[in-house]
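Sequence order for the protein chains is A and B. Sequential numbering of the first sequence, starting at 2, is according to the numbering used here. Sequential numbering of the second sequence, starting at 56, is according to the numbering used here.
Think of the hints as simulated: they come from the structure by calculation, not from any bench. It cannot be assumed that every hint is accurate.
[What the hints assert, rightly or not] So the derived list for chain B, only partly shown, Cβ under 7 Å to chain A, looks like this:
id, residue
1, T204
2, A423
3, L529
4, P596
5, D597
[Said to hold, decoys possible] Quick list of in silico lysine-lysine cross-link-like pairs, DSSO-like style, CA-CA up to 30 Å:
id, chain 1, residue 1, chain 2, residue 2
6, B, K465, A, K85
7, B, K546, A, K129
8, B, K465, B, K546
9, A, K116, B, K527
10, A, K85, A, K116
11, A, K85, B, K546
12, A, K85, B, K527
13, A, K116, A, K129
Every residue gets a Cβ at the ideal spot worked out from N, C-alpha and C, and that includes glycine.
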Amino acid sequence: MLQIDGLRKAYPGTGGRPATNALNGVSFRVEEGEFFTLLGPSGCGKTTTLQCIAGLEMPDSGTIRMGDAPVFDSEANIAVPANKRRLGMVFQSYAIWPHMTVFENVAFPLLYGEKRRARADVRTQVAKALAMVELGHLSDRPAPMLSGGQQQRVALARALVHQPRILLLDEPLSNLDAKLRDSMRTEIRNLVKSVGITTVFVTHDQVEAVGMSDSIMLMRNGVVVQQGSPRDIYLRPNSVFTADFMGRSNLVPGTIVEVGEIAAIETNFGVISGVPQGDFRPGDPAVAVIRPQAMSLVTEGGVADRSNCFSARIASLNFLGDVVETEVVCRDQRLLLMLSPYVQHAPGDEVLLHVPADHCVFVPPEETAGEARSA
Amino acid sequence: MTAVAHHAPGRRSSRFGQQEVTLAVLLLFVGLLVLGPVIILVRTSFAPSGSMPLETWRFTLEHYVALFSSPSTWKLVYNTMIYALCSMCIGVVIATAVAWCTERTNMPGRSIVRVLMFSWMAVPALVVGFGWILLINPGNGALNVLFRTIFQVKGAIFPLYSFWALTIITAFAVVPTAYVMISGLLRNMDPQLEQAARVHGGNGWTIIAKVTLPLLVPGLLSIGIYMFMAVVQTFDLPLIIGLTARFPVLSTRVYLLSSPDNGLPNYGFAATFGVLLLVVATGLMWAYLRATSAGEKFRVVTGKAFRPRRIRLGGWMPLALGFVFAYCAVMALPLLMLLWVSLNTAYVTPSFDALPGLTLSVYSRVIANPIFVRALFNTVVLVVASATIVMVASALIGWFTTRSGSRAGKILDAMSFAPMAIPPIVLVLAIVLIYLRTPLYGSIWIIVLTHSTIFLAFGVRTMSTALIQIHKELSDAALVSGASWFTSFRKVTLPLVWPQFVNGWLWVFAHSARDLTAPLMLLSTTNVVAASALWNMWQFPDLPGTAALSIMLMAALLLFVVPFQIYTARRLETG
């Protein structure tokens, strides 16, 4: 449905600063009906990518194809303007026009868009779109008299009313309070799935990304870092950056000692086996990524096989209610793990840690610095 | 393609979208309006005398030699500077005092004063000037006659035709504009800065002297330079008072050279004086921009709307009230005098004995005059066309300067701001030089063209400030919804800045009606407007007729401006 190849965009430097490369050869593909998320820290190029898809920014080079036809192709000199791309978009600020009523806002794409509809048609379609977001009763309300959540729904109705080819969502949840954000997350996902529309979603929040998407593309400094299902990205990060960005992990540096389907790494507290992400040869530096939830405490003799088991001492416990955040020391290495609130431990207890090999992932170290972080 | 896209990050559509066409048209329009006159002016100043502009390829420095070797040139520059400096200082001091009373104290009647001040901007300086002449001319000026009978003295108490009379009358004329700017400055000042001084032990006067005034200095400085520039550029008051007082300034000199009472106009020499005036004004503009950016550093004026704490006047109340309302009374005097004169068929000094003789016959005589009908029609065409052209162009230019960020947008911004530094008299002279031989010359449209240029800078400032506050996503949403660029502008952007659009429209409307410079220098048999008709009747002389027409013009302008000001003032007090 949406195919992007080699997208590049540089912003000229202002005031003597060098030009910044917002996009550095971004390529990806979104399937029909897929909920696709562009994820990354601010300044990674995710919003620029979305603006390029919308036609609000002009890439320097590359191609953007929607369906069968290109909407942007720097080689063929094609640049379809935003208003002819048949898209729907929800903006970060919602961009609800304050001088119109709810009805007028939603009717706008039908009245002034590419394919103008007859008046009678407009009425029924707007009513349908408002019913879909459960705002049918607010049709005549002036737009400024809406709450944040209601504005969000109006923006959704406006983005869907003209049956666009693709729905673009630009951090639509970032302006809502925490509780509303949780409920809107499920609601948006259910809505776009019931409509069956291809959706491109931009966010910097990994919880949103994991909870809503069919597929996630993680970006950094204008390049794609990793793409895959939420499960893949969370459990099989291909880099320290992904591991760190997707949630808390223990990052343990070491040296590869064994390769294969299951590889092994020598760290400062022993040899761990795990799944390698990337091409390693014995002797290569690598980082073991162990999620705090991947480790468990076992009793002597509780496991048949003592591999990937390490004795450690509990350094601190932080009771949070649903979990107990626990820090253990394994030789010189501090590790973070989550314990059940029903298990009783005290600082200083000697314990036995178990890391299942398929819960541990090896990734190449960061090029910039080999610093080990455990957090 | 790549190169083009790189240089124009804001480009949204393929080669010839609505946006590109509009931008090209605007660049051409503003270029013709602004750059054309300046180039012609400079060219003419280098042309040999006796030749018509645009008809010779010879270049000569003779006018510049004459200009710099004549001692009268330096006298003119000195006159202009000292006149502008004195008027500006008096005007800014009065305006600051009044603004402080209405914005920062609990003086009663402050809303009325505010409405009066804003509305006063619509009163033509020309009309006020006539009023003052009738009040204090040395022969039969009403005040002079009054004081003569009271004190049994000979001669004139108030010497109208003198440097100081001209300066003070000009100062009164600049007060409303200075007031509007200074009250904005005071209103937007963060009251916490003063509260902090109070908490740390400062008393009322210490706070004013040590906190309020120093914080205001950068803002006042830039307003002072702006008003100085405005006085350097004024033409009407130096014309009606300064010439008789034998106090020529640069603007009246340009006028006399290009429209002499007898003999041929010396366009080359006039253009040279015009270039001199242009250089002076550009220097002031530069100083103004520097001062404004220095003011930015203090960050006293933020976008936030504050509710400044009002100082309780207590025992000072009568003084403040007396000062503000005495000032308003002095402002009203010339208008009352005009009203009096317009109600008598021949000039009579105001007195109770003359009351029964009052009549409206002068009004019916003026209205019956065919010139009146023509002037009325032309004035309506002039003010409506100028205001509409300026504001539509300004809204579009404002969009490009605030949104596109492209090089073309920056050029457009700079060009549309340039008329601020071109004195109207110089611009009109240049327009005479360009269009002298075209059919446009002598029609009302040449005045429309001139006013469009003069007021463009104001319009673009107004619309840019308004547009910069509109979130970009609002118009992006319209584009993504499928609306064309023009539809999104018309249906989303323009409605959102409509109040500022109307405000700017009214401002241009009023200023176009009150301007004498363009109508007078471009006057023909067919394009007479209210201001030039006034001048003609005054010169004739037909004092009651002039007075009646002045009163009608003023009433018509206030009819439009006052309701809008009352509405705004109400919103300010409640909001």
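Exercise. Going through the earlier hints one by one, which of them does the structure break, listed in rising order?
Worked result: Hints 1, 2, 4 and 5 are the ones this structure does not satisfy, whereas the remaining hints hold.
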